[in-house]
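Chemist: First to last, the protein sequences are chains A, B, C and D.
Under the numbering used here, think of the first position of the first sequence as 129, with each following residue one higher.
Under the numbering used here, think of the first position of the second sequence as 129, with each following residue one higher.
Under the numbering used here, think of the first position of the third sequence as 129, with each following residue one higher.
Under the numbering used here, think of the first position of the fourth sequence as 129, with each following residue one higher.
Keep in mind the hints are simulated off the structure, nothing from the lab.
Here the structure is a predicted model, which means the values were calculated and not measured.
A portion of the hints provided could be inaccurate.
[What the hints assert, rightly or not] Computed list of lysine-lysine pairs in DSS-like fashion (alpha-carbon distance at most 27 Å, straight line):
1. 333(A) - 458(B)
2. 458(B) - 397(B)
3. 263(A) - 158(A)
4. 151(B) - 130(D)
5. 215(D) - 410(B)
6. 333(D) - 375(C)
7. 292(C) - 151(C)
8. 411(C) - 266(C)
9. 151(C) - 410(A)
10. 263(A) - 151(C)
11. 410(A) - 130(A)
12. 130(A) - 245(A)
13. 410(A) - 263(C)
14. 263(C) - 397(C)
15. 245(B) - 411(B)
16. 182(A) - 223(A)
17. 151(C) - 151(A)
18. 397(C) - 397(B)
19. 333(B) - 263(B)
20. 130(C) - 215(C)
21. 263(B) - 410(D)
22. 151(C) - 411(A)
23. 375(B) - 245(B)
24. 151(B) - 182(B)
25. 397(D) - 397(C)
26. 375(B) - 167(D)
27. 167(D) - 237(D)
28. 375(C) - 411(A)
29. 223(C) - 266(C)
30. 333(C) - 130(D)
31. 266(A) - 215(B)
32. 237(D) - 130(B)
33. 223(D) - 292(D)
34. 266(B) - 182(B)
35. 411(D) - 151(B)
36. 397(A) - 223(A)
Protein chains: 4
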Amino acid sequence: MKLTIGVIGAGRIGQLHIDYLRKHPNIRIKWVSDINCDKLADWIEQQGIENSTKDHHDILNDPEVDAVIICSPTDTHVDIIKAACEKGKHIFCEKPISLTLSESLEAVKCVEEAGVKLQMGFNRRFDRNFSTLQKALKDRTLGEIQSLRITSRDPAPPPIEYVKHSGGLFMDMSIHDFDMARYLMQSEVVEVYAKGAALVNPDLKEINDIDTAIVTLTFENGALCVIENCRRSVYGYDQRIEVLGDKGSISAGNENTNTLTFAYADGIKQDNPPFFFLERYKKAYEIEMNAFIESIINDENVSCSIIDGLKAQEIAEKCKESLIKGMPVKINS
Amino acid sequence: MKLTIGVIGAGRIGQLHIDYLRKHPNIRIKWVSDINCDKLADWIEQQGIENSTKDHHDILNDPEVDAVIICSPTDTHVDIIKAACEKGKHIFCEKPISLTLSESLEAVKCVEEAGVKLQMGFNRRFDRNFSTLQKALKDRTLGEIQSLRITSRDPAPPPIEYVKHSGGLFMDMSIHDFDMARYLMQSEVVEVYAKGAALVNPDLKEINDIDTAIVTLTFENGALCVIENCRRSVYGYDQRIEVLGDKGSISAGNENTNTLTFAYADGIKQDNPPFFFLERYKKAYEIEMNAFIESIINDENVSCSIIDGLKAQEIAEKCKESLIKGMPVKINS
Amino acid sequence: MKLTIGVIGAGRIGQLHIDYLRKHPNIRIKWVSDINCDKLADWIEQQGIENSTKDHHDILNDPEVDAVIICSPTDTHVDIIKAACEKGKHIFCEKPISLTLSESLEAVKCVEEAGVKLQMGFNRRFDRNFSTLQKALKDRTLGEIQSLRITSRDPAPPPIEYVKHSGGLFMDMSIHDFDMARYLMQSEVVEVYAKGAALVNPDLKEINDIDTAIVTLTFENGALCVIENCRRSVYGYDQRIEVLGDKGSISAGNENTNTLTFAYADGIKQDNPPFFFLERYKKAYEIEMNAFIESIINDENVSCSIIDGLKAQEIAEKCKESLIKGMPVKINS
Amino acid sequence: MKLTIGVIGAGRIGQLHIDYLRKHPNIRIKWVSDINCDKLADWIEQQGIENSTKDHHDILNDPEVDAVIICSPTDTHVDIIKAACEKGKHIFCEKPISLTLSESLEAVKCVEEAGVKLQMGFNRRFDRNFSTLQKALKDRTLGEIQSLRITSRDPAPPPIEYVKHSGGLFMDMSIHDFDMARYLMQSEVVEVYAKGAALVNPDLKEINDIDTAIVTLTFENGALCVIENCRRSVYGYDQRIEVLGDKGSISAGNENTNTLTFAYADGIKQDNPPFFFLERYKKAYEIEMNAFIESIINDENVSCSIIDGLKAQEIAEKCKESLIKGMPVKINS
């Protein structure tokens, strides 16, 4: 069975998905929409994509289209989800759903009523290390879990203009870690405490944002979790996880660029890790997209639902509240 | 120059110090005191220690004695410190000073007035990894620090009878980590938030104690710190540290028992780490004791003062308060 | 520019190349030939390959075909190379060229006269670790080289029927390591000494083959090299290299399946490495094939020539001679 | 029981042993002899050694002396062993016994006739990694062994004056590895092939010595072994072993100076390993000496006999012969 799809938004992440989708034997990319599609004309042609448009409604109005891949800016997500639901299209949507819980709840309602599939773009669930770790925890390899640590650091802070519209550290960056914590723990978060500061770039204080954070989560099952975030680690992208339980611990180390060790008179050296998420998660993005395709073809549940998107967003919002109040905040699950 | 010393308390830790001191070329162990010194008679003779007593005052009254090593139970520390100050003896004291800040402040006052040297037994400062890390940070190898993580896990929880009189997780176990945080950061803690639970042994709830904790510290210099504690890690004693700063990160891994890797058909294996603190910190204890001896012989400042003991104790107390209140607590420095 | 190609031989390795080539934007796979092409009909259709045949001459006779990928059994290589040269087709040929030097020399002559490009399938040159290592050595990162070690172990011995027609351990397995040694050292081998035995499967003695070998190579530049081979390492495929030179050493570790570490009460564990060459070198095969395509499109030298194939084969032959004679054997370069 | 001992030779290695022995509860160091004992007078007094002499016969003539520790130059070993045997003293002797097999055989004869204990100073047998590895192999953890690799590199070549009288690379340096190979394999060497060159310091050619070698050993049990030696590895002392057998492999990595990892923008770094054998094998030297003391006190076999010394020396001699002839050489066991 071959799916006909349209990609909405052809920026960095949209192009990444297209690069995989165009080689997929079960996929026909019939459409791409982007406000800059004129500038991208050459690139679109090279990809062999049949049609391009500035208006994603052209895609949604095409009865041949089975599914859409939403890679446009966050503030467009909910409207596109609603429109896609109306047309009965399946949806892959990059995170987060939106920047406000109420909007996201509307999207959830639409998706549930329309009965379409929606997979959230939490790509890290599909990383070879984290998915193996999740399986091990699900199989109760460690018995009961006492604590979980997620270390997540970007190589360099984004431009302040980007940060201004990003929803802040928790919504833009930590949201991946909130999803990861839920994914691994298979339990809901009942309390958050977020401590943070603008230690890398003090200018962030002026826009009420931070670049360094330590977040403590408490799960319904009693387990504790700490998330360490920083917008800058000059040695490269750093994504690690460690879990402690009754029977021991499992830790997922960062990925390497190669396995070489250089031993010199002045020390032992290795190359820096893969630069950023595009390099680190290339394969995870492919597995993620394939999972979406399979869930449609085989009519199965998506591996990461809009409810998962909503829960992660809620944690992000509560963290922001905790940071402002300087106190832990409960989540009613 | 040869120092004449007396050891007060010949339990596990007292015996460990004696084993090193008796081989030290500049040390004469003239006395040991212990309430069980009758039972220990054979062992004391084997060590070549000249005199033993049940009453540590016999040691303090001996004008030949230059210094005492206090390894008796915590609730005896302050009285012994006071008595030793009166007699002008230098003091090495195991952590913590006492279980209440007011008592410890009295001890501080005595020591300052007497002008004797007192070194606190924060042995981890002398670990080859952590002391090298501290030097690197002091040399500003990483520039400004954004965050620090200390992971500290015991192999197995102590008997509940011990726990009852231990002062609780923060005073008994985490206090080492509080000292380490101050030692590495060279800045004072201004706020603590402690989250914890009795996840390993739920019976601890009945005595208002916990066995798993995540503590967030905020330093005067703005840096954040997270301490992960657990009374049980079945794979062995686990003591690691990681620091993130402007110029990168430094992490101190756990120690190994050997460098062997076993590659079998069902996986790659290594032996568990050294079992507990006696094995892991054997060398650190020696360096620590040597530093104390050197500070007396050369009349230099001790490398870990009673003020350091007081500060760590204060953080422990505030953590307990934070845990009870469920809120962050400030420290006036 | 788009190349039209034909794949000769659709066994395990042929299928692997096809899987990459069919997704390549500059490649049209017009033909596949295989003596079993009837059985493969479904698979060939799925791949979208236009034509299939039992006779590779059909491919060579097609004037549209620019290049052929030779993945058929070794004893067919030379004839196909000759025929392809006659038709002026560019050639990618799996290793080894043939099982006898005289035959391979004929192939070399044909290729040189025809002026077609021929790239040998020494895939390991394109491994991310080994290619980075080679670049470092070429840049004289280590200054002069004293010694090189190549460890190369297969997970399990092949069936004895395969071994009988394989040309023996040196020609079938070690030949990759001989090429790697030349590739890294950028110098020619002037002497070999091969020691080996049938330690895994003593039945190999009856067919005059071995499964375990230690080969010492001496290079024209004076450097020494040792190659450790074994047909079986039950923990998985193991491919490592270490170089020692004036300024230090560089070692290339084996690849991992994931970055997880499992710490249990009975030891620390990791998963076994990727099973065999298809898993380990998947990406290297793609880079290799892409290099071939680029060399044709841009009319550049191939990155691994038929002379490289000849040299590696010669070393293999001399090793066999050394093993039989029980003495080192010179190579006249 | 307390042993009275004399140390013959108070150079670097003699001082190292004295430093341990003087703290040992069962040892009285009554004597030290050294041709430079005048210059060492202060040091000897500091150690609390009762008597010093230029003539080791003073020690051997003292009826109170139970055992001697021979740390004098190699060319004095055999005479001292003979004289000690005459006086019925137990002997600890640094490697090698002598530089010629015939002399060593005389020493063996004397020791056997005198019935004294003689332990050879192959300190690496007592390294925590190698002794654990040996135990694992003895317990047949790997089943039958196919191959063994020993990597052994010194940080820097010794002065050429030292080399001239050292007996050459095989007798001076590799002899440790020959002993290690026998110790691990629990089988005798039946053939050697040695390839080597003066690649670090070409001047060695003039004194017929080498600084880089690859030695292939064949064992009676069929297993193969390769030893990689170099007089210089600028990144520090490097001592590693790897064994491959039926059930997998065991590898012993090099030791580290600390467990720190420094992650910077320009790469990941660790400190160099412990500089040389004194640092790397400090603990092994202690365990070695303790084993000697225990074997006397408990009247047990020594853990490394003069026959072990003889066998290692024989392999070294055959390697020299192999290197000169350019051919493998058999050993009649």
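Chemist: Tell me the numbers of any earlier hints that the structure contravenes, in ascending order.
Modeler: 2, 3, 5, 7, 10, 14, 19, 23, 26, 27, 28, 30, 31, 32, 34, 36
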